[in-house]
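First residue of the sequence shown? That's 3 in my numbering, and the numbers climb one at a time after it.
Keep in mind the hints are simulated off the structure, nothing from the lab.
Mixed in with the good hints there might be a few duds.
Here are the computed lysine-lysine pairs in the DSS-like style, where the Cα-Cα straight-line distance is at most 27 angstroms [to be verified]:
hint, residue 1, residue 2
1, 495, 505
2, 496, 344
3, 505, 493
4, 344, 495
5, 197, 493
6, 496, 197
7, 493, 356
8, 194, 493
9, 495, 197
10, 356, 505
11, 496, 194
12, 194, 439
13, 344, 356
14, 439, 197
15, 356, 495
16, 495, 194
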Amino acid sequence: MGEGDEVKSKSNGTPRPKSNPGTPRPVYTTPSPPISAPPSQLHSPSLTRSPLLASPDYIEPSKTPKNSTPRNSTPRIRTPRFITPLSSPIRAALKLTRLDPHDAWLPITESRNGNAYYAAFHTLCAGIGIQALVLPVAFPILGWSWGVISLTLIFIWQLYTLYILVALHESVETGMRYSRYLQLSSVAFGEKLAKWLVIFPLLYLSAGTCMALVMIGGSTSKIFYEIVCGGTCSAGPAPLTPVEWHLVFTGAAVILSQLPNLNSIAGVSLIGAATAVGYCSSIWVISVTKGRMPGVSYDPVRPPNDTEKIFDILNALGIVAFAFRGHNLTLEIQATMPSDEKHPSTVPMWRGVKFAYLVIAMCIFPLAIGGYWAYGQLIPENGGMLTALYAFHRLDTSRFILGLTSLFVIINAVSSFQIYGMPVFDALESVYTRRMKGPCPWFLRSLFRVIFGFFMFFLAVAVPLLGSSVGLVGGVALPVTLAYPCFMWLKIKKPKKDTCMYKLNWLLGLLGLTLSAAVVAGGVYVVITKGVKVNFFHPN
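The whole structure should be built from the sequences, with the hints applied where relevant.
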């Protein structure tokens, strides 16, 4: 038959044209092989995988027989998880990305088998620590009323910004899962601006905290040895110097830092959280049960002029802000969890965060209020409640309780060193993996962590300063906790201008930046006027 010939339809006998020649089949293109990843990585959401990997019609090239035709001419592509349906108007703007192989090689995202319990352990270990013991130092300046009010408001404020970070970890607007604070800030502010605004505070909150932990852990190790010996060790070898105690603590922290990834230190975080709750509770209970010290006064400190009074108040607010940390680790902790469209990681993460901050509130508020009630204006600026315990109750408290409290402080410092050092380990290994296009060898990973640990030891011994600089430090890190998450929500979620969320986040974001600048100014003023006692290479 020719091109114009007709054939009868089998159904009703009506003629129908015959297509000649036949419709050609589309050319089948062999898809590229998937990127290899460990089994734990396959639990991460499909929005970070290639669409080909989500298709049941995908056939690996090695398993495709020669001269064979695939079941379907064109592979069927599913909509990746956390991506809105094809009918959505924002569907075209969403990014479909392949599984980043670097996530499978880095310590934060190497394992995605976390759960709500792990999140609670990590959050509690990162959110409570030695910085809480300095809270009563702010009360002699703020007084009873404003001290409690500022502590309560900042606690609620930072809990709200923590919720924002948990919600932004999996973003439908961009179709991505952000596993690090710097990644989320780069999307919200742009890479260049994020580097200027975020890198230095994050560097302090990780490396600076590790340096402070070496200082506190080393000095407390020396006190613990003296309490245990009780003057009976003089007949033995000469006691260690403060530098040697710092070295002992650093050695223990470096050995424990060889655990490979963030999920592997969940047990360490549990121990660190338990010991933090233990020493915070024991310190405020001892202080309250022993009663108020003789000559305690609760009258706010009155500086000679109004300028100094304003800057002292700002420095006190910086001390309160310094007590709340851990926001720089929230996205990293949530990144260790599996996630899909039915069970997003936001649910277990927020459940763990709520439990952790309930425990934190039960420790921080009694510690601040009870400590100020017991010591008033006598509270030492250096060390806060821990120094007050040794200074005022060393003779009327059993050595067992004092020694146990000191041991809890040491264990918590070693444990907190691991979780705060993990972002630095991740950044160091990221440089290697992106240049070498492969995972970091175990010996190089160990070398990175040893170098970092002993560099923190060098800084802790060379520049041992804390004390009156706590307010300044709190002001530097304050935007990461109180301001930046609000602007990230506005930039990514784009709420309407007439909504409460839009106005609230703008208000809190601007207030956070203003408060940060004012607190930094107050901290600088206090450091200039009162001075900072720095014993270079002679830690106490």
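- request: Identify every previously stated hint that the structure contradicts and give their numbers, smallest first.
  value: Of the numbered hints given earlier, the structure breaks none, since each of them holds.
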